[in-house]
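> Residues per chain are reported as follows:
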Amino acid sequence: MNPIAHAAGAFGGLIIAALTVSFVNRRLGGRSPSLRQLASLIRQENLTPAHADRFLFRSAPILALATISLAALFIPIGPRLIGLDATTGLFFFVVLLSPFVVAMMNAGWAGNGKHGLFGAFRAAAHLVSYEVPLGFAAIGPVMSAQSLSTTRIVEAQSSLWYVVWQPLGLVLFVIASLFASFRHPFDLAQADTELAGGVLAEYSGRRLLLFRLALDGLFALLMAMAVVLFLGGWHGPLLPGPVWMILKTICLAALALAMARRFPRLGHDQMLAFSWKVLLPASLLNVALVGVLALLLPARLQ
Amino acid sequence: MTGRPELHRRCFAIDGGEGGALLAELERSSSFERVYSPRHADTLLVFGPLSRKLVPAARQLARAVPRPASALVVADASELLPGLRPFEPREVQFALAGELPELNVADGPEPEPTELNLPDRKELEMATEIAVHSLGPIQPFTDGPLRVLLACDGEQVLFARIEAGFASRGLAEAMKGTTKEEALRLAERIVPGSPAAGRLALLRELDRERSSPEHALLAAELATQSAAATLRWTHRLFSAMAWPAREREAADLVASADRNGGLAESIGRWAAKLGRDRLLRLRTAGVGRVPEDLESPAAARELIGAPGEDVRGRLLRRLLIAARRLREPAYGNAVHSSRGPLRVGAGVSDGRVANVTWETPTAATLPFVPRLLQGHRLADAEVVLASLDLCAAEADP
Numbered sequence: 040m041n042p043i044a045h046a047a048g049a050f051g052g053l054i055i056a057a058l059t060v061s062f063v064n065r066r067l068g069g070r071s072p073s074l075r076q077l078a079s080l081i082r083q084e085n086l087t088p089a090h091a092d093r094f095l096f097r098s099a100p101i102l103a104l105a106t107i108s109l110a111a112l113f114i115p116i117g118p119r120l121i122g123l124d125a126t127t128g129l130f131f132f133v134v135l136l137s138p139f140v141v142a143m144m145n146a147g148w149a150g151n152g153k154h155g156l157f158g159a160f161r162a163a164a165h166l167v168s169y170e171v172p173l174g175f176a177a178i179g180p181v182m183s184a185q186s187l188s189t190t191r192i193v194e195a196q197s198s199l200w201y202v203v204w205q206p207l208g209l210v211l212f213v214i215a216s217l218f219a220s221f222r223h224p225f226d227l228a229q230a231d232t233e234l235a236g237g238v239l240a241e242y243s244g245r246r247l248l249l250f251r252l253a254l255d256g257l258f259a260l261l262m263a264m265a266v267v268l269f270l271g272g273w274h275g276p277l278l279p280g281p282v283w284m285i286l287k288t289i290c291l292a293a294l295a296l297a298m299a300r301r302f303p304r305l306g307h308d309q310m311l312a313f314s315w316k317v318l319l320p321a322s323l324l325n326v327a328l329v330g331v332l333a334l335l336l337p338a339r340l341q
Numbered sequence: 004m005t006g007r008p009e010l011h012r013r014c015f016a017i018d019g020g021e022g023g024a025l026l027a028e029l030e031r032s033s034s035f036e037r038v039y040s041p042r043h044a045d046t047l048l049v050f051g052p053l054s055r056k057l058v059p060a061a062r063q064l065a066r067a068v069p070r071p072a073s074a075l076v077v078a079d080a081s082e083l084l085p086g087l088r089p090f091e092p093r094e095v096q097f098a099l100a101g102e103l104p105e106l107n108v109a110d111g112p113e114p115e116p117t118e119l120n121l122p123d124r125k126e127l128e129m130a131t132e133i134a135v136h137s138l139g140p141i142q143p144f145t146d147g148p149l150r151v152l153l154a155c156d157g158e159q160v161l162f163a164r165i166e167a168g169f170a171s172r173g174l175a176e177a178m179k180g181t182t183k184e185e186a187l188r189l190a191e192r193i194v195p196g197s198p199a200a201g202r203l204a205l206l207r208e209l210d211r212e213r214s215s216p217e218h219a220l221l222a223a224e225l226a227t228q229s230a231a232a233t234l235r236w237t238h239r240l241f242s243a244m245a246w247p248a249r250e251r252e253a254a255d256l257v258a259s260a261d262r263n264g265g266l267a268e269s270i271g272r273w274a275a276k277l278g279r280d281r282l283l284r285l286r287t288a289g290v291g292r293v294p295e296d297l298e299s300p301a302a303a304r305e306l307i308g309a310p311g312e313d314v315r316g317r318l319l320r321r322l323l324i325a326a327r328r329l330r331e332p333a334y335g336n337a338v339h340s341s342r343g344p345l346r347v348g349a350g351v352s353d354g355r356v357a358n359v360t361w362e363t364p365t366a367a368t369l370p371f372v373p374r375l376l377q378g379h380r381l382a383d384a385e386v387v388l389a390s391l392d393l394c395a396a397e398a399d400p
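Residue numbers (my numbering), protein chains in the order written: chain A, 40 to 341; chain B, 4 to 400.
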């Protein structure tokens with residue numbers, strides 16, 4: 040099929056997913072703008088602060104959206120419904136999370152403000168501490184399916200979802216996802232009361248809208264990836280595959296957001312300590328457990 | 004106030020010092036979104052009066068709001084903020100349902116620029132560049148405008164400086180030579196958000212006789228207002244910690260404060276629940292601990308706490324105090340606002356009130372704030388600041 044159609048499909052799906060996340064978060068009482076408030080951003084002035092690095096400032100939201108649109112290509116919605124069915128799809132997906140941080144850093148640095156600068160450094164400082172647990176949590180399904188292809192991983196779960204014997208992996212992946220998408224308990228880089236929006240502090244109008252969509256979209260993507268890795272992707276009775284995929288993603292996202300509300304925002308040091316002292320050992324333990332279980336469980340169940 | 008307004012606005016609030024209660028009321032509306040960067044707003048909420056010192060900051064913020072934007076001004080300060088169109092009448096009506104202060108720009112001392120002397124780079128061990136993080140004067144951690152300058156080495160606060168005087172309303176000046184009734188009415192504004200505090204304190208000073216029914220009535224009213232003010236403070240504290248679930252609980256309690264029935268029990272239960280909360284303990288472990296050698300005056304004791312007390316201890320203690328005062332409104336001799344003892348002195352000559360002076364807990368606490376912020380990480384310093392419940396208008400008469 041036409042690659043442009045694929046890209047457009049991934050982008051459109053992403054925007055809808057981002058709006059859904061925003062809506063769900065608001066329904067749960069979170070501090071997300073309503074759709075009406077988001078729409079009002081379109082006709083608002085698109086300010087660039089004085090002495091800003093104009094190129095970086097303007098390109099950052101576009102870079103953020105472009106990165107995650109690329110990552111969206113590797114999420115299978117249905118049996119043959121995937122933007123790009125690469126044999127190393129999961130690997131590409133994880134790799135594409137890093138340029139997103141570059142976009143965050145550019146945004147924070149280019150705005151020529153201290154709030155943004157603090158946000159940018161926070162975003163950069165956290166990069167490694169969530170990528171490692173995220174990667175390790177994702178290794179479980181890869182070991183079981185013996186493939187990095189996202190469609191193969193889903194197909195391997197046709198008889199039993201991986202969450203049944205790798206629940207720890209799912210929990211770790213969801214926590215690391217909140218971390219990776221700068222969401223509530225880990226949202227230091229875009230903390231509102233604390234840093235007046237941090238990285239986003241100087242953005243307004245359409246660019247702010249794009250950035251918000253990119254951040255929500257990133258979270259939606261990570262939740263979709265969690266469904267692909269642990270919750271059997273499009274598998275499910277009665278309803279068609281894509282419907283199952285979307286339903287599962289929305290439910291998982293709502294669950295993660297509702298849980299996140301129960302926690303206060305972690306401090307900078309607490310976050311790093313949590314990541315290296317809790318998440319990383321737990322994810323290593325998960326890898327070891329999965330390795331043992333993969334040997335012990337009958338092949339039919341895997 | 005009846006009914007919640009359908010605003011569908013992203014509001015940035017500029018509080019001249021008396022808007023705290025009204026802002027809390029607005030924040031309960033589901034269609035109201037409070038934002039913390041003027042760039043994210045489409046509506047500027049201004050709670051007047053604005054002091055002369057605050058006006059430049061307010062103007063600067065108004066300029067930072069992307070257009071088209073509206074301004075919703077409680078008190079007439081609209082000519083101060085050029086380039087913003089006013090709200091539609093339907094929306095303004097809601098705002099005016101609160102009390103409309105008669106002062107526009109309050110007289111106050113001429114603004115003096117604050118200077119922060121940074122240490123010489125050579126004196127620093129690591130020779131890193133120090134970033135001065137300026138909070139305010141409009142910031143979400145205190146009730147009313149207060150500037151806090153945090154000199155940060157990375158995320159660590161090396162030292163802090165406080166600049167007050169942004170909420171000056173010229174009350175003491177306005178009370179000179181007024182009749183007793185006028186003075187009492189003005190005294191209601193000494194402690195914003197709990198009018199009974201100032202009124203009762205001045206009444207006690209003027210009357211000498213302390214057992215009239217009016218006193219008892221005011222004392223009961225004060226207890227309710229203080230409980231509401233304490234709950235508004237917990238809401239502010241939890242929003243500084245960014246803890247949505249607890250923010251919700253605080254907001255629900257604030258909403259039930261008007262009804263008063265069983266409020267003391269609800270607050271007591273909530274305090275017990277918070278006391279058992281392990282997350283709260285983890286988040287605030289050692290944050291804002293009062294140094295052993297800090298000798299704070301008695302007036303500041305209620306806000307700061309005893310040596311060794313941290314953010315969590317302060318929160319639990321003050322919730323219990325609020326609950327106890329609800330049960331025994333006339334407890335003790337001194338007049339206690341939600342933040343601690345309020346002392347008002349006044350002289351009367353020829354039936355006119357001569358000079359009114361007062362001492363408030365916030366004014367007594369301010370000198371100790373830099374010491375309490377020092378050495379914390381940026382995020383924790385902001386939580387500590389919010390945990391002190393400073394009321395700017397109370398400190399700047």
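Everything labelled a hint here was simulated from the structure, so no lab data went into it. The reader is advised that the hints may include incorrect statements.
Said to hold, decoys possible - Cβ pair distances, simulated, as ranges:
| hint | chain 1 | residue 1 | chain 2 | residue 2 | range |
| --- | --- | --- | --- | --- | --- |
| 1 | A | Leu324 | B | Ser259 | 35 to 41 Å |
| 2 | B | Arg31 | A | Val331 | 38 to 44 Å |
| 3 | B | Glu295 | A | Ala89 | 44 to 50 Å |
| 4 | A | Ser73 | B | Ser259 | 49 to 55 Å |
| 5 | A | His90 | B | Gln159 | 25 to 31 Å |
| 6 | B | Arg66 | A | Leu294 | 51 to 57 Å |
| 7 | A | Pro42 | B | Leu285 | 47 to 53 Å |
| 8 | A | Phe130 | B | Arg62 | 34 to 40 Å |
The beta carbon of each residue, even a glycine, is placed where N, CA and C say it ideally should be.
> Look at each hint and say if it fits the structure.
Right, here's what the structure says about each hint:
1. A/Leu324 <-> B/Ser259: 35 to 41 Å: Given a distance of about 46 Å, which is not inside 35 to 41 Å, the answer is violated.
2. B/Arg31 <-> A/Val331: 38 to 44 Å: 53 Å, violated
3. B/Glu295 <-> A/Ala89: 44 to 50 Å: Because 47 Å falls inside the window, the suggested range holds.
4. A/Ser73 <-> B/Ser259: 49 to 55 Å: 26 Å, violated
5. A/His90 <-> B/Gln159: 25 to 31 Å: 27 Å, holds
6. B/Arg66 <-> A/Leu294: 51 to 57 Å: 43 Å, violated
7. A/Pro42 <-> B/Leu285: 47 to 53 Å: 49 Å, holds
8. A/Phe130 <-> B/Arg62: 34 to 40 Å: 53 Å, violated
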